[in-house]
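**Student:** Top to bottom, those sequences are chains A and B.
Start counting the first sequence at 1; every next residue gets the next number (my numbering).
Start counting the second sequence at 1001; every next residue gets the next number (my numbering).
Because the hints were derived from the structure by calculation, they are not lab data.
Certain hints may be false.
[As the list claims (entries may be wrong)] A short, non-exhaustive set of chain A residues, derived as facing chain B with CB atoms under 7 Å:
1) Pro-39
2) Gly-42
3) Leu-43
4) Phe-45
5) Asn-56
6) Glu-99
7) Phe-102
8) Pro-104
[To be verified] Below, in silico cross-link-like pairs of lysine to aspartate or glutamate (EDC-like), each with a Cα-Cα straight-line distance of 20 Å or less:
9) B/Lys-1102 x A/Glu-99
10) B/Lys-1102 x B/Glu-1044
11) B/Lys-1016 x B/Glu-1056
12) B/Lys-1038 x B/Glu-1010
13) B/Lys-1107 x B/Asp-1096
14) B/Lys-1038 x A/Glu-99
15) B/Lys-1038 x B/Asp-1022
16) B/Lys-1070 x B/Asp-1029
17) B/Lys-1102 x B/Asp-1029
18) B/Lys-1038 x B/Glu-1059
19) A/Lys-13 x A/Asp-85
20) B/Lys-1107 x B/Asp-1086
21) B/Lys-1003 x B/Asp-1022
22) A/Lys-57 x B/Asp-1096
23) A/Lys-13 x A/Glu-82
24) B/Lys-1038 x B/Glu-1017
25) B/Lys-1102 x A/Glu-52
26) B/Lys-1102 x A/Glu-75
27) B/Lys-1107 x A/Glu-52
28) A/Lys-57 x B/Asp-1029
29) B/Lys-1003 x B/Glu-1026
Since this is a predicted model, take the numbers as computed values, not measurements.
Glycine residues also receive a C-beta, built at the ideal position from the N, C-alpha and C atoms.
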Amino acid sequence: KAGVTQTPRYLIKTRGQQVTLSCSPISGHRSVSWYQQTPGQGLQFLFEYFSETQRNKGNFPGRFSGRQFSNSRSEMNVSTLELGDSALYLCASSPPGNEQFFGPGTRLTVL
Amino acid sequence: AQKVTQAQTEISVVEKEDVTLDCVYETRDTTYYLFWYKQPPSGELVFLIRRNSFDEQNEISGRYSWNFQKSTSSFNFTITASQVVDSAVYFCALSDANRDDKIIFGKGTRLHILP
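Chain A on its own, in the form it takes in the complex:
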């Protein structure tokens, strides 16, 4: 089985721009979660989608949003980028009630 894939792997944007990151879960997994990893704050939960519905949400501003498609693929969007949004964004997928499998991440740099 192919693992979780995330595109792009690296991204450079400037302040004020918006960005969309994509995550394709493992085949058969319907839950997709997103995390932000920074040196200062560590790994923080952003949100989780299941069957195209957001089920859980972390403590992030409204500039961070996401969605999930009928094929379980998910995208997350960050609008009006700030320098502090520079981070590794990790996506994880899981079947119901089981552990999460993480993708390689998208490293976003905001200049």
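Add chain B to chain A, keeping to what the hints say.
**Tutor:** Same frame as chain A, now just chain B:
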């Protein structure tokens, strides 16, 4: 509120030594899951173990072992006969058993295995 504390920010040991990574957690939930993940330099988080709060049995998997003690809210991870390939950042994590897709991570312990 849930919280995971990994007091050891960075550890260095010489290859073949044993090393224990500490993890202390806080939660008001009666049922929860505890996890350990490994993050090598490539960045991808690798799942190591998930433990249900009702299962306090220690677990051994090859050179890895985990000691779960509910009385002290600890879930420590030991690597026996460490190898250079074990060098990575290790994260301890916690989730509500009913919402196990929202995981709270500790800050991680960076482990250096020196040849």
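**Student:** The structure should be examined with respect to each hint, and the outcome stated for every one.
**Tutor:** We went through each hint and held it up to the structure:
{"no.": "1", "hint": "Pro-39", "in the structure": "violated (10 Å)"}
{"no.": "2", "hint": "Gly-42", "in the structure": "holds (5 Å)"}
{"no.": "3", "hint": "Leu-43", "in the structure": "holds (4 Å)"}
{"no.": "4", "hint": "Phe-45", "in the structure": "holds (5 Å)"}
{"no.": "5", "hint": "Asn-56", "in the structure": "holds (4 Å)"}
{"no.": "6", "hint": "Glu-99", "in the structure": "holds (5 Å)"}
{"no.": "7", "hint": "Phe-102", "in the structure": "holds (4 Å)"}
{"no.": "8", "hint": "Pro-104", "in the structure": "holds (5 Å)"}
{"no.": "9", "hint": "B/Lys-1102 x A/Glu-99", "in the structure": "holds (11 Å)"}
{"no.": "10", "hint": "B/Lys-1102 x B/Glu-1044", "in the structure": "holds (18 Å)"}
{"no.": "11", "hint": "B/Lys-1016 x B/Glu-1056", "in the structure": "violated (28 Å)"}
{"no.": "12", "hint": "B/Lys-1038 x B/Glu-1010", "in the structure": "holds (14 Å)"}
{"no.": "13", "hint": "B/Lys-1107 x B/Asp-1096", "in the structure": "holds (18 Å)"}
{"no.": "14", "hint": "B/Lys-1038 x A/Glu-99", "in the structure": "holds (14 Å)"}
{"no.": "15", "hint": "B/Lys-1038 x B/Asp-1022", "in the structure": "holds (14 Å)"}
{"no.": "16", "hint": "B/Lys-1070 x B/Asp-1029", "in the structure": "holds (12 Å)"}
{"no.": "17", "hint": "B/Lys-1102 x B/Asp-1029", "in the structure": "holds (14 Å)"}
{"no.": "18", "hint": "B/Lys-1038 x B/Glu-1059", "in the structure": "holds (17 Å)"}
{"no.": "19", "hint": "A/Lys-13 x A/Asp-85", "in the structure": "holds (10 Å)"}
{"no.": "20", "hint": "B/Lys-1107 x B/Asp-1086", "in the structure": "holds (18 Å)"}
{"no.": "21", "hint": "B/Lys-1003 x B/Asp-1022", "in the structure": "holds (14 Å)"}
{"no.": "22", "hint": "A/Lys-57 x B/Asp-1096", "in the structure": "holds (14 Å)"}
{"no.": "23", "hint": "A/Lys-13 x A/Glu-82", "in the structure": "holds (10 Å)"}
{"no.": "24", "hint": "B/Lys-1038 x B/Glu-1017", "in the structure": "holds (19 Å)"}
{"no.": "25", "hint": "B/Lys-1102 x A/Glu-52", "in the structure": "holds (17 Å)"}
{"no.": "26", "hint": "B/Lys-1102 x A/Glu-75", "in the structure": "holds (17 Å)"}
{"no.": "27", "hint": "B/Lys-1107 x A/Glu-52", "in the structure": "violated (30 Å)"}
{"no.": "28", "hint": "A/Lys-57 x B/Asp-1029", "in the structure": "holds (18 Å)"}
{"no.": "29", "hint": "B/Lys-1003 x B/Glu-1026", "in the structure": "holds (5 Å)"}
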